[in-house]
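Q: Listed below are the residues making up each chain.
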Amino acid sequence: MQIKFILRSMSKNKVFTGINILGLTVGIAAVLLIYRVVSYELSFNKNFQHYDRIVRVVATSNDDGTGQNYSVCVPVPAGEMLTTDIPQFEKKSRVKETWNTLTVANPNGGAPLKKFNISDDHTAFFAESDFCEMFDLKWLSGDATASLSEPNTIVLTRNWATKCFGNWEDAIGKTLLIDNIYPVTVKGVFEELPSNCDFNFPFLISYATLKGKENYFYVGDGDWDSCSSNNQVYAQLSDPNQKAAAEAAVAKVGEKEYVNKKTGQRLRWHHLQPLSELHFDERYNNSGTHVIPKSRLQLLSAIGLLILILACFNFINLATAQASLRAKEVGVRKTLGSGRGQLVRQFMSETGFVVAIAMLLGVGLANLTAPLLSYVSDVPKSLPFLSNPMVWAFLGVTGIVVTVLAGLYPSLTLAGFQPVKALRSNAEKSLTGGAGLRKSLVVMQFVIAQCLIIGAIVTILQLDYIRTSDLGFKKDLVYTFGFGSDSLSIGRQAVLRHALQQIPNVQSASLSSDQPSSTNTWSSNFRFANRPEDEPYSTTLKFADENYEATYGIKMLAGRWLAAADTMREAIINHTMLTKLGLHDPNEAIGQIFHLWGSRDLRIVGVSDDFHTHSLRHEHMPLVITNDKQFLWEAGVKIRPDNLAATTAAIKAAFDEVMPEQVFEGKFLDEKIAAFYEDDRRLSATCKGFGLLAVLISCLGLFGLATHSAQQRVKEIGVRKVLGATTSGIVALLSKDFLLLVVLSLLIAAPLTYWLMGKWLQNFEFHVKMQWWVFVLTGVLALTVAFLTVSFQSIKAALANPVKSLRSE
Amino acid sequence: MTNDQCPIKTMIKTVNLSKVYRTDEVETTALNNVDIDIKQGEFVSVMGPSGCGKSTLLNVLGMIDSPSSGDYFFNEQEVGKLAERKRSDVRKHNLGFVFQSFNLIDELTVYENVELPMLYTKVPANERKKRVEELLEGMNIMHRKNHFPQQLSGGQQQRVAVARAVVNKPKLILADEPTGNLDSSNGDEVMKILADLNATGTTILMVTHSQYCAEFGNRIIRMLDGQVVAENVVKRYL
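Chains as they are written, first to last, in the working numbering: chain R, 1 to 809; chain A, 1 to 238.
Treat the hints with caution; some may be incorrect.
Far from chain A by the CB rule (all over 10 angstroms, computed), these chain R residues [stated by the list, open to error]: (1) 9; (2) 118; (3) 243; (4) 368; (5) 409; (6) 491.
Using 25 angstroms as the maximum straight-line C-alpha spacing, the simulated DMTMM-like pairs for lysine to aspartate or glutamate come out as follows [to be verified]: (7) R:381 with R:678; (8) R:381 with R:671; (9) R:421 with A:89; (10) R:4 with A:134; (11) R:421 with A:25; (12) R:421 with A:231; (13) R:4 with A:84; (14) R:421 with A:84; (15) R:14 with A:106; (16) R:421 with A:78; (17) R:14 with A:107; (18) R:421 with A:106; (19) R:4 with A:127; (20) R:421 with A:24; (21) R:12 with A:106; (22) R:667 with R:679; (23) A:39 with A:231; (24) R:12 with A:107; (25) R:421 with A:27; (26) R:421 with A:127.
Hints in this document: simulated from the structure, not taken from any laboratory. Ideal Cβ placement from N, Cα and C applies to all residues, glycine included.
Could you put together the complete structure from these sequences and hints?
A: Shown next as structure tokens:
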């Protein structure tokens, strides 16, 4: 009887039922999608058995005088000490991140049979045998101790073993070449790691393999001062409670070595980073695909919750606005003996029924739109969604929460009606209370919607600023690719450059350590000219050939670009370096000597204008560019816009001919630069998508309230028309109150977002200014949409025949 | 209607019953020290001009409103000061209501409207079915049992409302202008039903403007400005 009754009641109020169900469906779908993202990110690394005991050794330093720096790098001697001197470490492994090419050699000589690059978002390791045990590798064949304890051994994932040898079962004992140079024997094959962990290594090479090849693999020269973020240490504590003791022991490592020899001040400390923080701490990079700060997850969850709350507000608004229509029923039921509790239960179950329908539709909508998540997150499309029981458990909890949130207040209000009042003929007017509440909820809805819209506009403006701002070099039409840095490849650099320049549409080709803007940072201390001491700050470094200026369009302030050379003889400094050195005229620097690495004296031949060496989040840093062919492994080819496909194909063909054992992966520079801002683009897409949803749900609610208001004022409108009111006057009368609420909400949203988005923009050293018109535009947009929503009902009411409306009264 | 062996018990007794409505500016006395006495099995009509307190009296005696002062004994139990939950309990087991505007629930069918009071008194389903069908047959609206109230004529709606009022076999039926919205023939029909119910022992208290309807009862209480000003027994000349 109850369900039949609810269905009849719903079909009697089709518009309001539709608004409630649609709003809640969208809200529930949004929450489910956000749950998918947040639960995926929060599940990272939890699969490992010793999740709570595994740590990574990280470092903080202030050795370059620019304040606290965070790094994952562990200098080679510190790594040795950490793996021998910390008693709380039950298992430990030094690792070195690596991105080498693997080749299957041709037994008959010549080009390799197969060659594989590690894709950009994967990282392989040189690692010690404990590493496999710490991270629970599931062996298909071979095992940890046997596999990685000897030099020149490698273990592969099932996929890579299959790729290399056709069948993973054939891999054991076979030989592969690292960068087509160093042979390693396959000692084990293991199952792929799950996607929700910060390790996606396709293979592990034994750490002992590095011995004797330190220079080739840039392990560092064994001193405490040089450090690469690729060199790291992981450990497993014997007991989670030992963390404090281990932290204290680790802090002692380098206490004599990490000191400024003149002042005796300590410059660097090691700390422990728990595995549980690896995925969320932006201060340190990890070896997985991405780091996501918990604040971002909180923001996403908050947005999801807000969208759902918006839909609940609609429900509350419409239910309380319509409460008077149910007064008679409440009066009759109470007179016939129904208690308040029974009525609350009845109204709550009605809400629950609507929520249940919305949940079913919401699940369908979420399933349908799940692929869109790739615009705002890293959740793999293959991740189970509706087959995951946790999703249903979450949905169940959401259903209960929404039912209570949306239904409790209206239920208590309705059930609280006194029968004697409810049964009076004028009950409808005397019981329609809660107008203040409804107005507040509408204002809150539009505050949320407008905050998201302003957020979206500001992020779009900033991303547009990034896209169009002058980076200080020309990023368009530069095709880039990497190549090996082994002696064979170094010998072929000139041939490669020549081959590229022969391609008809190539303007120039340059080889370098990295492009003008990149995520790499090389830094070093240095001494300038005749000054007796090193400068109190570091310089960043780039290595480039003689074509770099022409290829990337670097602007020179004085002097000339580097001449062709094989070794480090000349240097270019940038304008920031000039200023930091205390020089004003670029010409003053020309001819001065720049002392690097103790023994390298470089003559400054030119001063370049500043260009962005990193993303626009970073300020300009002092930079020196020099030439040394052993550090060239990135090519940039400036091409003409005609027939891009043919030109890029010709570039690949030239590469394959000169370096047949290497894998070609080309990418345009502007795409690489755009990738710096992937996180920001996602934030923008999130604001846009959810902002639209917020506007949609808020307008649905407004439409419902306008409909209700027009229905309630039918008689008033009729009388006004008879007395001579115009249609536009009546539309204005009915719309005015709602539009005032939207204006009020803008007055709240504007300062709130000015503050919030101002904080976000502070993340960028170079950013747009908050413009007044953003707020005006948002207000106009919101008012227009609200007016269109409300005016539909207002115009309908204003055009109705007054005779009819008066008669019906 | 009287029983020689047993003394007739008093069903309703009020002593100095008053009801005052207060707003910020105005205080209105709807009932002013009303003393009435209604015996089991009586059919009492309350008459008086609009605003004299008839409906307020009915609401207070029907326990859907509480008195401001004075005592109200129902079956010798003081009920005027009972908590809402207890009043509701007394109400659903003892009283039936018939309203001028019928007050049927639009979303329920005829059958469901009549069945509703029994859901609150937890009557078993088969018993409910039996009673609803008997009543609808008796009221001659069985053929309309699956219709909704709006699909019925006023007279039919009021017959459904009467059926709903008696389905729990109440000891007292309170009727507030039961014929006010009906034409004379439908009005007559409803009054006959009430008279028949009274004949089978149900006490009836009815508010009406119509002298004709009032005379279906055996006593008329006349009210003015919240007070009982006269009482007279209806004489029937056969």
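Q: Decide, hint by hint, whether the structure agrees.
A: Structure-based check of all given hints:
1. 9: 5 angstroms, violated
2. 118: Non-interface label on residue 118 (chain R) holds, nearest chain A Cβ at 67 angstroms vs cutoff 10 angstroms.
3. 243: 58 angstroms, holds
4. 368: 34 angstroms, holds
5. 409: The assertion about residue 409 (chain R) holds, with a minimum of 21 angstroms to chain A.
6. 491: 89 angstroms, holds
7. R:381 with R:678: 18 angstroms, holds
8. R:381 with R:671: Holds: residue 381 (chain R) and residue 671 (chain R) sit about 23 angstroms apart, inside 25 angstroms.
9. R:421 with A:89: 20 angstroms, holds
10. R:4 with A:134: Holds - the C-alpha atoms of residue 134 (chain A) and residue 4 (chain R) are around 24 angstroms apart, at most 25 angstroms.
11. R:421 with A:25: 20 angstroms, holds
12. R:421 with A:231: 29 angstroms, violated
13. R:4 with A:84: 29 angstroms, violated
14. R:421 with A:84: At roughly 15 angstroms apart (the allowed maximum being 25 angstroms), residue 84 (chain A) and residue 421 (chain R) satisfy the hint.
15. R:14 with A:106: The given pair, whose Cα atoms are some 16 angstroms apart, holds under the 25 angstroms limit.
16. R:421 with A:78: At roughly 24 angstroms apart (the allowed maximum being 25 angstroms), residue 78 (chain A) and residue 421 (chain R) satisfy the hint.
17. R:14 with A:107: 14 angstroms, holds
18. R:421 with A:106: Given that 25 angstroms is the threshold and the Cα spacing comes to 19 angstroms, the pair holds.
19. R:4 with A:127: At roughly 21 angstroms apart (the allowed maximum being 25 angstroms), residue 127 (chain A) and residue 4 (chain R) satisfy the hint.
20. R:421 with A:24: Given that 25 angstroms is the threshold and the Cα spacing comes to 18 angstroms, the pair holds.
21. R:12 with A:106: Since the Cα atoms of residue 12 (chain R) and residue 106 (chain A) sit roughly 10 angstroms apart, the hinted pair holds (cutoff 25 angstroms).
22. R:667 with R:679: Judged against 25 angstroms, a Cα distance of about 20 angstroms means the pair holds.
23. A:39 with A:231: 14 angstroms, holds
24. R:12 with A:107: Holds, at about 8 angstroms.
25. R:421 with A:27: Measuring from Cα to Cα gives roughly 17 angstroms; hence the hint holds.
26. R:421 with A:127: The hint is violated at about 33 angstroms.
In summary, the structure is inconsistent with hints 1, 12, 13, 26 from the numbered list given earlier, while agreeing with the others.
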